[in-house]
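Protein chains: 2
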Amino acid sequence: MTKEEEAVKIERLKVNYKTLEEFKKFKEYGIQELSMLEDLQENIIEDNSESPFYGIYFADKLVARMSLYQKDAKYDLYFNPQQTYFELWKLEVLPNYQFKGFGKALVDFAKSFGLPIKTNSRMKSKEFWEKMGFQTVDYDMNRDLGQNPLVWCPEGVSLQKTNS
Amino acid sequence: MTKEEEAVKIERLKVNYKTLEEFKKFKEYGIQELSMLEDLQENIIEDNSESPFYGIYFADKLVARMSLYQKDAKYDLYFNPQQTYFELWKLEVLPNYQFKGFGKALVDFAKSFGLPIKTNSRMKSKEFWEKMGFQTVDYDMNRDLGQNPLVWCPEGVSLQKTNS
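Residue numbers (UniProt numbering), protein chains in the order written: chain U, 1 to 164; chain Y, 1 to 164.
For reference, chain U alone in the conformation it holds in the complex (with noise of 0.2 angstroms):
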């Protein structure tokens, strides 16, 4: 690890009008954001309330951002034993901040809780989340459709077997 990856600090993002003013420059933003901008605009919400995002700032500015949310064992079809896992979305490190080991510090953050983590990868990630040691699903229609799963394992797990 060199010293500037020791240096980055993750926080777990509050959901108010700066944050999702920042979101505005990630690629992916879609209706969970628009959704957290309607829920603030209705009270349904306060000001700063915790979200599922972490990020990282760099000077005072957003640059890189996950979306973390844990699911229930009962909606486990991917993990052996069955249990509680990390489903992460959203990761992204904006342009001129890529290549500083952002990504990498984000998914090891998720990885420190020791749970197993599903994400639904793009096709040209795949070579990122290779080396974050993430492997593969057999793809399942019925379960995966449109996705292209990826998993991370902590000791003692394994996958699932499928139908198909």
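One thing to keep in mind: the hints can contain errors.
Okay, derived cross-link-like pairs now, SDA-like style, lysine to any residue, Cα gap no bigger than 25 angstroms in a straight line [to be verified]:
1) U:K27 / Y:I45
2) Y:K74 / U:Q160
3) Y:K71 / U:T136
4) U:K71 / U:G146
5) U:K24 / Y:K71
6) U:K74 / Y:K71
7) U:K71 / Y:P149
8) U:K124 / Y:E22
9) Y:K126 / U:F26
10) U:K74 / Y:M141
11) U:K161 / Y:I45
12) U:K25 / Y:S121
13) Y:K74 / Y:N96
14) U:K18 / Y:K124
15) U:K24 / Y:Q160
16) U:K126 / Y:M123
17) U:K71 / U:V157
18) Y:K25 / U:E28
19) Y:K25 / U:L145
20) U:K71 / Y:R143
21) U:K124 / U:W89
22) U:K124 / Y:Q135
23) U:K71 / Y:M132
24) U:K18 / Y:G146
25) U:K126 / Y:Q160
Simulated from the structure, these hints should not be mistaken for lab results.
Guided by the hints, dock chain Y onto chain U, whose structure is given.
Same frame as chain U, now just chain Y:
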């Protein structure tokens, strides 16, 4: 409907090496296609097996496709009453064949079964889906995670209430 649109023929695609070769021209080539290729190579599926893909040929060339899969009612988290529905993904028209109504023809075909349809849109395609009569759902993180779901409801069908 113009003459051109009337003439469009939707075909259920066969899984064989020729089809898989044509799939390589589409952007959304992923684990689903790789898994089909592997199954063919290992003789798990036969050449000419029926696939979840439907497509449109133009002068013997596959120019548009979608994947369509019937989900069992017990997995339905979107529609009211809870029912069997279609998941639609990988709707794509090759660049030189866009704006000829091929995308609409595929969606109309999917609608013709009379079952509700769910798709996961990219933000840029939202306008297209709205023109096709699809609507945004209330984002529910536990259900939707990294997706941007859009749904089409036939008459008499509405949306389930979410917790959020």
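Hints, one by one, checked against the model:
1. This hinted pair does not check out: K27 of chain U and I45 of chain Y have alpha carbons roughly 38 angstroms apart, beyond 25 angstroms.
2. As the CA atoms of K74 of chain Y and Q160 of chain U are separated by approximately 21 angstroms, the hinted pair is consistent with the 25 angstroms bound.
3. Taken as a hint, the K71 of chain Y and T136 of chain U pair is honoured in the structure, with Cα atoms around 23 angstroms apart against an allowance of 25 angstroms.
4. In summary, the hint linking K71 of chain U to G146 of chain U is supported, as the alpha carbons are separated by about 20 angstroms, within the 25 angstroms threshold.
5. At most 25 angstroms may separate the alpha-carbon atoms for a hinted pair to count; K24 of chain U and K71 of chain Y exceed this at roughly 34 angstroms.
6. This hinted pair checks out: K74 of chain U and K71 of chain Y have alpha carbons roughly 19 angstroms apart, not beyond 25 angstroms.
7. Distance hint between K71 of chain U and P149 of chain Y is fulfilled; the C-alpha atoms sit about 19 angstroms from each other, no more than 25 angstroms.
8. Distance hint between K124 of chain U and E22 of chain Y is fulfilled; the C-alpha atoms sit about 19 angstroms from each other, no more than 25 angstroms.
9. Only pairs whose Cα atoms come within 25 angstroms are accepted, and K126 of chain Y paired with F26 of chain U is accepted, the gap being roughly 18 angstroms.
10. Between K74 of chain U and M141 of chain Y, the direct Cα distance comes to roughly 16 angstroms. Compliance with the 25 angstroms bound is thereby established for this hinted pair.
11. Taking the CA atoms of K161 of chain U and I45 of chain Y, the gap is about 19 angstroms. The hint holds against a cut of 25 angstroms.
12. Taking the CA atoms of K25 of chain U and S121 of chain Y, the gap is near 19 angstroms; set against the 25 angstroms cutoff, the hint holds.
13. In summary, the hint linking K74 of chain Y to N96 of chain Y is not supported, as the alpha carbons are separated by about 40 angstroms, beyond the 25 angstroms threshold.
14. With a C-alpha separation of about 24 angstroms, the suggested pair K18 of chain U and K124 of chain Y falls inside the 25 angstroms cut-off, and the hint holds.
15. Between K24 of chain U and Q160 of chain Y the CA atoms are separated by roughly 29 angstroms; this puts the pair beyond 25 angstroms, and the hint is violated.
16. Under the criterion of a C-alpha separation no larger than 25 angstroms, the hint pairing K126 of chain U with M123 of chain Y is consistent with the structure, at around 22 angstroms.
17. Between the alpha carbons of K71 of chain U and V157 of chain U the distance comes to roughly 16 angstroms, so the proposed pair stays at or under 25 angstroms and holds.
18. The straight-line distance between the Cα atoms of K25 of chain Y and E28 of chain U is roughly 24 angstroms, inside the 25 angstroms bound, and the hint therefore holds.
19. Of the pairs offered as hints, the one joining K25 of chain Y and L145 of chain U holds, with about 20 angstroms between alpha carbons and a cut-off of 25 angstroms not exceeded.
20. Proposed proximity of K71 of chain U and R143 of chain Y is supported: the alpha carbons are some 10 angstroms apart, at most 25 angstroms.
21. A C-alpha spacing of about 15 angstroms is found between K124 of chain U and W89 of chain U, which places the hinted pair at or below 25 angstroms, so the restraint holds.
22. Of the pairs offered as hints, the one joining K124 of chain U and Q135 of chain Y is violated, with about 30 angstroms between alpha carbons and a cut-off of 25 angstroms exceeded.
23. With a CA separation close to 33 angstroms, the supplied pair K71 of chain U and M132 of chain Y exceeds the 25 angstroms bound.
24. The hinted pair formed by K18 of chain U and G146 of chain Y meets the criterion: a straight-line CA distance of about 21 angstroms does not exceed 25 angstroms.
25. For a cut-off of 25 angstroms, the pair hint linking K126 of chain U to Q160 of chain Y is broken: about 35 angstroms separates their Cα positions.
Checked against the numbered hints listed earlier, the structure breaks hints 1, 5, 13, 15, 22, 23, 25; every other hint is satisfied.
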